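**Student:** Each chain is listed here by its residues.
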Amino acid sequence: MSLAIRARVAERGFEVSLEVAEGETLAILGPNGAGKSTLLDIVAGLLRPDAGRAEWAGTPLFDIGGPRPLWLPPHRRGISLLAQEPLLFPHLTALDNVAFGPRSAGHSREAARVTARGWLAEVEASDLEASRPGTLSGGQAQRVAVARALAADPRLLLLDEPLAALDAAVAPLLRRMLKRVLAGRTAILVTHEVLDALTLADRVVVLGDGAIVEQGPTREVLERPRHPFTAELAGLNLLVGTSSATGLVTPDGLAVTGAPIAPGVRAAAAIRPSAIAVHAVEPRADNVVRVRMSDLEPRGDSVRVRAGALNADVSPGRAAALDFVPGAVVYFAFPAGEVSIYPC
Amino acid sequence: MAPRWSSAIPGWVIAAAVVGAVFVLFPLAAMATRVDWPNFLSLVTSPSSVAALLLSLRTSLAATAACIVLGVPMALMLARTAFRGQRLVRALVLLPLVLPPVIGGIALLAAFGRRGLLGQTFDVLGVSIAFSTAAVVIAQTFVALPFLVLSLESSLRLTGTRYEAVASTLGATPTTVLRRITLPLIFPALLSGAVLSFARALGEFGATLTFAGSLQGVTRTLPLEIYLQRETDPDAAVALSLVLVLVAVLVVGLTLRTSAASSLVRRGTS
Chain A
1 MSLAIRARVA ERGFEVSLEV AEGETLAILG PNGAGKSTLL DIVAGLLRPD
51 AGRAEWAGTP LFDIGGPRPL WLPPHRRGIS LLAQEPLLFP HLTALDNVAF
101 GPRSAGHSRE AARVTARGWL AEVEASDLEA SRPGTLSGGQ AQRVAVARAL
151 AADPRLLLLD EPLAALDAAV APLLRRMLKR VLAGRTAILV THEVLDALTL
201 ADRVVVLGDG AIVEQGPTRE VLERPRHPFT AELAGLNLLV GTSSATGLVT
251 PDGLAVTGAP IAPGVRAAAA IRPSAIAVHA VEPRADNVVR VRMSDLEPRG
301 DSVRVRAGAL NADVSPGRAA ALDFVPGAVV YFAFPAGEVS IYPC
Chain B
345 MAPRWSSAIP GWVIAAAVVG AVFVLFPLAA MATRVDWPNF LSLVTSPSSV
395 AALLLSLRTS LAATAACIVL GVPMALMLAR TAFRGQRLVR ALVLLPLVLP
445 PVIGGIALLA AFGRRGLLGQ TFDVLGVSIA FSTAAVVIAQ TFVALPFLVL
495 SLESSLRLTG TRYEAVASTL GATPTTVLRR ITLPLIFPAL LSGAVLSFAR
545 ALGEFGATLT FAGSLQGVTR TLPLEIYLQR ETDPDAAVAL SLVLVLVAVL
595 VVGLTLRTSA ASSLVRRGTS
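From first to last, the protein sequence lines are chains A and B. Letter by letter, the first sequence follows residues 1 to 344 of my numbering. Letter by letter, the second sequence follows residues 345 to 614 of my numbering.
One chain only, chain A, in its complex shape (with noise of 0.2 Å):
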């Protein structure tokens, strides 16, 4: 492993320990509050936190309560912070905001803008390159931080929700333009947007309450969600009890018919919303719930109906005819083969 850390910040109850290997963008996946900024800013250098050690590679970055107390400066990690906003120094150019890393590495100031225009051109900025960041668009601004923040040489990138300031129309092209100079560079990538864990990260680590819920490869997590925080992320509905001879049995009593695995194990079902028929009275299905309506909730071509733990994407037609009532009895159905089973 390249990067090591434990950290605890009793302030903010945040106890988190993890690593990332050389070569792997790691997504911190979490709600507001979580902890995913506080744990940026300690492996920056930003905050100090309580207690913890943190090793690139067998060398302390910062050691707090051990026998040998050390703290590495932010200037001496070889660590660089691409945040939400794009944060370029107002009074220099595009140029010279991306040529401050390999200037204060010590370059001259010619070798320095070398550097500084080869990484404009990677992130496909290089006519911006005499502007002053008060002209730039929003989309520009981030593409030039992003530059500036490669171009300091960093051993390890992070990243604070970079794409989240932006418009729906620019965000894309710049996901695009992070994957690729993500690709083979460690990174910690902090988000709240599961398609930027799906497209950017091999690893992803689930923050709850300045805790990790769960972590694991990406797609795996996103796909077989084990706890209901990362269910609601990855937009899924989970079910949580133990594996019976044609599915699940949750706790509550409910058995969801599914692919069956070995029986007798803690397990997880997952239904995707959209796989979810609402009906007002009692259909013919492999599974059928009755359920409570609590919410409606419009999404665009679709409308959520919340029913306790469980949610059902319902065309806005359905939605109207069913006569929506908070409190009314519906019949929540979807088929076995929607049905995901998994031990957790």
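FYI, nobody ran anything at the bench for these hints, they're computed from the structure. On a predicted model such as this, the values are computed, not experimentally measured, just so you know. Quick reminder that beta carbons are idealized off the backbone N, C-alpha and C, glycines included. Watch out, some of these pointers could steer you wrong.
Ranges of calculated distance between the beta carbons of each label pair, as one might list FRET restraints [as the list claims (entries may be wrong)]:
id	chain 1	residue 1	chain 2	residue 2	range
1	B	Trp356	A	Arg306	49 to 59 Å
2	A	Arg109	B	Val446	21 to 31 Å
3	B	Thr425	A	Gly138	32 to 42 Å
4	B	Gly429	A	Gly13	24 to 34 Å
Go by the hints and put chain B onto chain A.
**Tutor:** Just chain B now, with coordinates in the frame of chain A:
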């Protein structure tokens, strides 16, 4: 940029504001009417006047430089660090702002005067500060320093530390961050703070008279000269006063222009 909402200001507020503006401008205009215009040039170019004006400009520039050298680090300590007793330190540092300048002069005598705490030390080194041009600069720095510190500290807080944090993660040492990020970002405030300090130093009277005395060409700055002339040659006093007003207007106008220009550069052309 025009404000998005223009709110209606009550008529009586406008009236009070006009009274306030007239209150400031009327005495200055009245003074201009008292100037002996035919002899103006000869009055302000008398040897003692020229000596006083040059001394004032020299010492005020030196005091401004001293304010920058001492004030920037003080503002950084107040805005960027947290230590025990910081609020008390801030209050004490800003004390010269509210202190009668004469008291400042007496305090400086007690510290650096011939019989002062450090006076003997300086004597041993063969340096006598009190009643020298250096004393003028010290007195001016003492009263002008808080202006620079105040203006810089609020600008530092306004700018925040985010750019500095980014710069440090790009590998910049604290000194590089200060030189290439912090100081350029607060440059407009540094400029306006320096001008305020310069103006305060230029007008310094009480502390200078108490601590440095009034020796022509050595410690008699323009305000002291004006006060002295008022007894013997009121016309010269009025003429010199007008010169000082013009210098002040020039300085203020110059800063407004440069700070407006530099904030335009910072914001880009959007």
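**Student:** If a hint holds in the structure, say so; if it doesn't, say that too.
**Tutor:** How the hints compare with the structure:
no., hint, in the structure
1, B:Trp356 x A:Arg306: 49 to 59 Å, "57 Å, holds"
2, A:Arg109 x B:Val446: 21 to 31 Å, "52 Å, violated"
3, B:Thr425 x A:Gly138: 32 to 42 Å, "33 Å, holds"
4, B:Gly429 x A:Gly13: 24 to 34 Å, "31 Å, holds"
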